Each structure stands twice: as structure tokens, then as C-alpha cells.
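Asker: When we follow the numbering used here, the leftmost residue of the sequence shown carries the number 1334, and every step to the right adds one.
Keep in mind that the hints are not guaranteed to be accurate.
[Said to hold, decoys possible] Each computed PhoX-like pair below joins lysine-lysine, with the alpha-carbon atoms no more than 25 Å apart:
no. : residue 1 : residue 2
1   : Lys1467   : Lys1360
2   : Lys1470   : Lys1524
3   : Lys1360   : Lys1435
Think of the hints as simulated: they come from the structure by calculation, not from any bench. Predicted model only: the values in this text are computed from it and were never measured.
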Amino acid sequence: MFALDIPLALLGGYLLGSIPFGLLITKAAGTQDIRTIGSQNIGATNVLRTGRKGLAAATLICDALKGTVAILIAAQWGEEPAMAAALGAFAGHIFPVWLKFKGGKGVATFLGCLLGLYWPAAIVFVLAWLAVAKVTKYSSAAALVASLAAPIAFIATGQGAQGALVLVLAGVIFFTHRANISRLLAGAESKIGQRS
1334 MFALDIPLAL LGGYLLGSIP FGLLITKAAG TQDIRTIGSQ NIGATNVLRT
1384 GRKGLAAATL ICDALKGTVA ILIAAQWGEE PAMAAALGAF AGHIFPVWLK
1434 FKGGKGVATF LGCLLGLYWP AAIVFVLAWL AVAKVTKYSS AAALVASLAA
1484 PIAFIATGQG AQGALVLVLA GVIFFTHRAN ISRLLAGAES KIGQRS
């Protein structure tokens, strides 16, 4: 492993993660600027508030894959560069340099990072998300529960280092969802598919 592998993986992951697919996709489709509606962020949940499910799905896939691709590229140099790329991609999505560091909340890119690091954890995440979303109809609640389930999958299978990283990322998701948590507690959170 070269001395620059980890910082280069971190930087490369950040640059890839900072591509604002939600904004680019909706602009290409001619919709209004998604930063002016709903939660005002560039993620798939907010894109769904445009009423265009296809655009939301495309945003979800692209935001996830930028995490996965960054990891798969960096993994050629080892586990530590792969983890650095995951951290970079996740940070890039939330704090993109191109948008004055105001990006999404990190859920889709988190899922993509899980897929790149340890795909069974991605399945655990998806199953937890679907279960909570079905019961509560709240995307934010589903994301919060699923983000906690993911590091458990790593730790339960003896992958402590990656599990610790994923736990930190999950903590950041809770931070980016702090307003959602307040609304959930107040019973004022928007439900899946609801425009606001």
C-alpha cells in the first residue's frame, strides 16, 4: 500500500460523492429546483415530492452507486483505502463543494457504501427500511432504524473496523435527520409520497 492510497481514496470518494445527481436529474427533466421544495435538499426523498417517481428512483440509484463505485475502485489497494473512499463519498454527498456544502442527508449513499463494503449489510438495511416504512409510512423513521441495523450486521459477523466506520456514518445520518426527528416526535413529519 502506497502512502498516498488512503488520502487519494478519500479525495476521489469525496469528488464522486459530491456529484449532485438529484439536482442534475431534475434539472434535465425540466422540473423546478428541488432546493426550493420540501426539505430543500437534493436527495431522492425530496425528488419524490415533485411527483415524479421515476426521477426519484434514478436519483436513489445514482446516489447509491457513487458510494459503491468509489469503494470498488479504492478496494483494489486494500480495505483501508476502500473505507476511506466510503467516508469520502458519504461526506461528498452531504457536503458537496459544488453546492456550497449543502447536499443530501446521506441515506442513499450510505446504502451504496454498504453495498461496496459488505453486501449482506445492504440487504439488512433494505429489509429494515422496508419494514419500518410499511408500518409507519415515514421515510425518515425507516432510514434511522435501517442505519442502526447496518452496523450491527458488520459487528455480528466480526467486521469490527468496517462496523465502526458504518456506525459513525449512521451517527451522521441521525445528525442530518435532526429536524426530521423533531417533526416525528411532534407528529408533524411528512409521509412517503406526500408533497410539502
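Asker: Does each hint fit the structure? Answer for all of them.
Answerer: Consistency of the hints with the structure:
1. Lys1467 / Lys1360: violated, 30 Å
2. Lys1470 / Lys1524: Within the cut-off at roughly 5 Å; holds.
3. Lys1360 / Lys1435: holds, 17 Å
Hint compliance for this structure: hint 1 alone is broken.
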